[in-house]
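Note that the protein sequences, when read in sequence, are chains F and S. Numbering-wise, the first sequence is residues 1 to 421 according to the numbering used here. Numbering-wise, the second sequence is residues 1 to 567 according to the numbering used here.
Treat the hints loosely; a few may be bogus.
Okay, the calculated beta carbon distance ranges per label pair [stated by the list, open to error]: (1) Arg92(F) x Leu484(S): 22 to 30 Å; (2) Asn270(F) x Asn75(S): 43 to 51 Å; (3) Lys26(S) x Thr183(F): 56 to 64 Å; (4) Val141(F) x Ala433(S): 56 to 64 Å.
Hints listed in this document are in silico derivations from the structure and should not be mistaken for laboratory results. Here the structure is a predicted model, which is why all the values come from computation and not from measurement. In this text, a Cβ means the ideal position worked out from N, Cα and C, and glycines have one as well.
If you want the building blocks of each chain, they are given just below.
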Amino acid sequence: MNLHLLLQTSNEELIKRVEQSTLSGTKVPQSSIEHEGASSFMQFWDSSYWFPEQASTFASSVDYLYMWIFWVSTIFFIAIVFAMVYFCIKYRRKGNEIKPLPSSSHNTLIEIAWSVGPSVLLVYMFFSGASGYFDSKTPAVNAEEIQVTASRWNWVFTYPNGDSSSELHLVNGRPTKLIMQSTDVLHSMFIPAFRQKMDIVPGRYTYAYMVPTKTGQYRLSCTEYCGREHSKMRTLAEVHDTDQHRQENTQWIKEEYYPWKNGQRTYMINCSGCHKINGEAATGPALNLLYSMKERPLMDGQVAVNEDYVLESIWYPAKKIVQGYGPVSKMNSFKGKLTQEDVNEVIAYLKYLNNPADVAGGDIESGLRAEGSDSPKETTKQAKGEPTEEGEAVATEEAEEIDTEQEDAEEADEKETEDEA
Amino acid sequence: MATAEIRNKIFGTPETNYLNCTKGWKSWAFTLDHKRIGVMYLVGVTAALFLAGIFALVLRSHLFKFDSGMLSYDNYNKMFTLHGAVMVFAFIIPSIPAALGNFVLPMMLGAKDVAFPRMNLCSFYLWIAGTSCLLAAILFGGGLDTGWTFYTPYSIETETGVIYATFGAFILGFSSIFTGLNFLVTVNTMRAPGQTWFKLPLFLWSLYATSIIQVLATPVLGITLLMLIAEKTMHIGIFDPRYGGDPVLFQHFFWFYSHPAVYIMILPAMGVISELISVYSQKRIFGYSFIAFSSVAIALLGFLVWGHHMFTSGQSPIVTLIFSAITFTVAIPSAVKVFNWLATLFKGSILLNTPMLYALSFIFLFGIGGLTGLFLGALSVDIHLHDTYFVVAHFHFVMVGGTLTALLGGLFHWWPKMFGRMYNDALGRISCALVFIGFNVTFFPQFVMGARGMPRRYASYDPEFQIFHQISTIGAFVLGLGILMAYGVLVYAAFKGPRCSSNPFRAASMEWQSSSPPDFHNFIHQPTMNDPYDFDSQIYDEELDTFIPREFVDPDKLPARPEPVPH
Chain F
1 MNLHLLLQTS
11 NEELIKRVEQ
21 STLSGTKVPQ
31 SSIEHEGASS
41 FMQFWDSSYW
51 FPEQASTFAS
61 SVDYLYMWIF
71 WVSTIFFIAI
81 VFAMVYFCIK
91 YRRKGNEIKP
101 LPSSSHNTLI
111 EIAWSVGPSV
121 LLVYMFFSGA
131 SGYFDSKTPA
141 VNAEEIQVTA
151 SRWNWVFTYP
161 NGDSSSELHL
171 VNGRPTKLIM
181 QSTDVLHSMF
191 IPAFRQKMDI
201 VPGRYTYAYM
211 VPTKTGQYRL
221 SCTEYCGREH
231 SKMRTLAEVH
241 DTDQHRQENT
251 QWIKEEYYPW
261 KNGQRTYMIN
271 CSGCHKINGE
281 AATGPALNLL
291 YSMKERPLMD
301 GQVAVNEDYV
311 LESIWYPAKK
321 IVQGYGPVSK
331 MNSFKGKLTQ
341 EDVNEVIAYL
351 KYLNNPADVA
361 GGDIESGLRA
371 EGSDSPKETT
381 KQAKGEPTEE
391 GEAVATEEAE
401 EIDTEQEDAE
411 EADEKETEDE
421 A
Chain S
1 MATAEIRNKI
11 FGTPETNYLN
21 CTKGWKSWAF
31 TLDHKRIGVM
41 YLVGVTAALF
51 LAGIFALVLR
61 SHLFKFDSGM
71 LSYDNYNKMF
81 TLHGAVMVFA
91 FIIPSIPAAL
101 GNFVLPMMLG
111 AKDVAFPRMN
121 LCSFYLWIAG
131 TSCLLAAILF
141 GGGLDTGWTF
151 YTPYSIETET
161 GVIYATFGAF
171 ILGFSSIFTG
181 LNFLVTVNTM
191 RAPGQTWFKL
201 PLFLWSLYAT
211 SIIQVLATPV
221 LGITLLMLIA
231 EKTMHIGIFD
241 PRYGGDPVLF
251 QHFFWFYSHP
261 AVYIMILPAM
271 GVISELISVY
281 SQKRIFGYSF
291 IAFSSVAIAL
301 LGFLVWGHHM
311 FTSGQSPIVT
321 LIFSAITFTV
331 AIPSAVKVFN
341 WLATLFKGSI
351 LLNTPMLYAL
361 SFIFLFGIGG
371 LTGLFLGALS
381 VDIHLHDTYF
391 VVAHFHFVMV
401 GGTLTALLGG
411 LFHWWPKMFG
421 RMYNDALGRI
431 SCALVFIGFN
441 VTFFPQFVMG
451 ARGMPRRYAS
461 YDPEFQIFHQ
471 ISTIGAFVLG
481 LGILMAYGVL
491 VYAAFKGPRC
501 SSNPFRAASM
511 EWQSSSPPDF
521 HNFIHQPTMN
531 DPYDFDSQIY
541 DEELDTFIPR
551 EFVDPDKLPA
561 RPEPVPH
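Let's have the full structure, built from the sequences with the hints guiding it.
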C-alpha cells in the first residue's frame, strides 16, 4: 500500500490503468481522471478535499453549508474531547482512595444555557439547508426538458427532439429539467458534481432541476438499490460548451419521428373515439384544451395539469373525473396497454395541440425528422456560436436548419472518412 | 444493625445462586427467572453479532478491490442485506434492553422478577423463532437481497427469501413488544418502597423511554411487513405500482417504525453510559432530571422525524422541510446528555478501567456520529449525501460506536454481578483500544468517500475510492479482533476468573446489594433504598472486601458522612 495515495484526492495511476481495461464495465469519467491530486489530507479544511468539483449553480452553496457545519462540529467535538481527556487526566483516581472533590450536581442556569445556546446554530443550519434545497427544487423558466428513463440497469435520456442517448448530455449554462421515470423498481439519479440527487419512482414522474456551470464529464450513478447490477448502473453526465458541440459529440439513438407525431399516432389508435381535438365535448372531454389550463376543474375540486395527472388519467381514469363527465368514469384503464414512454409521447402531442411551438418539430406538418443528417442541428444561432436565449424551444429552428443539415451531413461523412484514414 | 454473620450471609459469596440453584437443560429452557432469560438472550444476541459480523468481514474483504471478483454481485447483495438485517433485527434492537436490561432492571427496582415472567420467556422464544426465520431465508429462501429496508417494489419482485425474512422480522417485532410491555409494567408497578421516579437509576429512565417506542412503533412495522407479504403473494395493490400501489407509502410505513427503532438502539446505550460515567467518577450524575427528560424527549421526537430518510424520495417539499426542522430539534436532547456526562467527570474520582474506557469511547464515537447527523439534517447537504457512504459511516458511528461500545462497557460493568467473577482488566482495556482504533479506521474514511460521491450498496466502484475501501477493510478486521477479544476476556472470566465481591466498584444502585452472582430470588434481604447516585452511602467493609450500604455497617465503625454538597 502506497501511503502517499492515502493523502491524495485521487488515485491517478490506478485510474489510468483502469481506463484502458474494461473490467469495471462502466465508464470512468475524464473528470475523475483529471481531478487534481493537489489537495492532500492536510487540506481537509478546504471543501475541495471533501467534494468533487463544483459543476452546477447550487454546488457552491452546498459546499459552503457543509464546511460551515464541519467547522461548528469540529469546534464542538474538539471541545468535548479536550474536556473529556483533560478531566480524565486531572481527576483520575490515584491509588485506591476514592475522593471526588466537592462540586455541584445540578445547575439549572448552565443546563438551560447549553440546551438553548447551540440551538441558534441549528436554526442557521436548518434555514440555510432549506433555502439551498428550495433553490434546487425551483424549476427554471424555459428549461430544456429531458426525459430520463431508468430501468435495471440502464439509463436512457430522451431529448425534446425525440433522440436519446445512454449518457446525459447537457449544455453549459442551460437550465435543465429532468423528467424521470422508472420502468421497474426504484432508482435514484445522482450526479455528485452537481450535488443533485432524486429518486425515480415507478408509476409516477419525479423531477430534478439543474444548471451546469462547467464543461466536462462527471459521474452519474444510481443510488437507490435496484438489484444485481446496481453498481453497474453508472454512466456519464457530460456538459458541452455549445449545442453544436453536443450534437457532434454524442452517440445518438435516432428516432424517425418527433415525439408529438408518435403521440398523435397513439392518440388516433387509442383515444380518438371518445376525445375530440376540436374543442367539442364527446364521450370524454376534448384534449386540445388540456395544456392551456394550469388547473383543471374536477367533479370535486381541481388538479394541476402535469405529467402525473395525464399518466394517472390514462392508467387510472376513475381516480379524477373532469367536471361534467361524472359521476362515474366511462373510460377503461389503459394500464398495461400504454407504457409510460407512450404516455410521454401523448403528452408531447397534448402540448402540440395547445401550441405547436411548445414542442420540438411542432412546425413540421409531417412530424418526420429530417433525413440524412447524422447529427441534426437544433439551432443555427447556436451553431454559429451566437448567444441564444437559454432553454429556447430548440425545435422551432429545426425547419430553418434543414438546408444546412444536408451540408452538415456531408461534413460528418468527410469527418468519418478522415477518422478511418 | 446487622451483625457480621448477617452481613456475610447477605454480601458474601453464596453457595447457591441463580446459576447453580437448579441443574439440567430444562431448568434453563423453562426458567422464568429474568436473570437466566437475560443470560440466554445475551448468548443469543452475541451469536447473532458474530454471524452478522462475519458477513461484514466477508463484504469488506470483497470491497478491498474496486473490481473484486471475490463474490458475485448477487452474493455481495445478499451479504450486505443479511449483515444489516441480522444486525438490526436480531442483534442491536434486543441487545441492551433484552440482555442487559432483563438482568438488571428488576434488581435495580429491588424486585424479585419482572412483572410478567412468562411473557418474558415467551419474548425470548419469539426471538429464537424470528431469528430462525431470518436464517431460514438464508438456508431455504436462497438468501435475501433487498437490503434490510425491504424497499418495494424490488422486494416484491425478487425471488429471494423475502417472505421468510419479513415474517422473521414480524415475529422479532413481537419479541420486542413483549420485552417493552414487560418493562413498562415492571417499572410502573414494582418499584421499591420509597423509590420515586426521580430515584430511579437513569438506565431505567432510558429503558422506560425505549419501551414506550417498542410498544407504540413496532406494531406499525408488523402490519407493514404483513402487507408486504400479502402484496407479494396476493398482489393486493398497496405498494406495487403495477397494481396501482405506491412504493413511497412503504417507505413511510417502514421508517415510521425504523426511525424510532434507531432510538430503541441508542437510548438504552445512553442509559448504560450514564451509569458507567457516574459510578467510575464516584460522583453524582450531573443534571439528573435533564438526562432523564432528554430520554423521554428523544423517544417522543423520534416519532416525528421518520421523513428525514426520504428527502430524495419524491415526498412533498413542504413535508421535507418540516421533517428537517424536527430532525434538528433531536440534536438538542442528545447534546444535553453529552454535556451532562462531561460535567459529571468534572472533579470526579475517575477510574480508567475497562468499562469506563468503553464509556469514554462511546462519548468520542457518539460525538462524531451525532455531529455528522447535522450534515444529514440540513436539506441541501443531505440531497448530496443521501445514500452515500457518508450515511453508512454516520449510522455505524451511532449504532456500532454507540450501541455496541455501550453494550461492551455495560457487560464489563455488570459481568462481576452476573457471574461473580472478575475479568482481566488489562486485557479488557486492550480490547477496548482495539475496538476504538479498529472502528475509527473502518468508518472514518467512509465519510470522505461518501462526500466525494461513493454510493452505498455498490459491489464494484470507481477506482479512485479504492484506497479508502482498503483502509476501511483493514480497520474492519481490527475491529472484529477487538470485539472477539472483548468477548474472549469476558467468557474466560465467567468460568475461570477470580471470585469477586458483591460490590467491587462502589456502585450505589440496588442491584449491587445482592451477592455476586445473585441469589435466585435476587435479594435474600430487604434491600435498602438509596439514592442510586449517592456513593457516600456505600462503605468499605474490610472483612468482605466490598462496599456495603451504611445501614449494614457496625455503628461503632461507621465513618462520619461527608457534608452533602448543596445542589
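Status of the hints after comparison with the structure:
no. : hint                              : result
1   : Arg92(F) x Leu484(S): 22 to 30 Å  : 29 Å, holds
2   : Asn270(F) x Asn75(S): 43 to 51 Å  : 45 Å, holds
3   : Lys26(S) x Thr183(F): 56 to 64 Å  : 57 Å, holds
4   : Val141(F) x Ala433(S): 56 to 64 Å : 60 Å, holds
Of the numbered hints given earlier, the model fails none.
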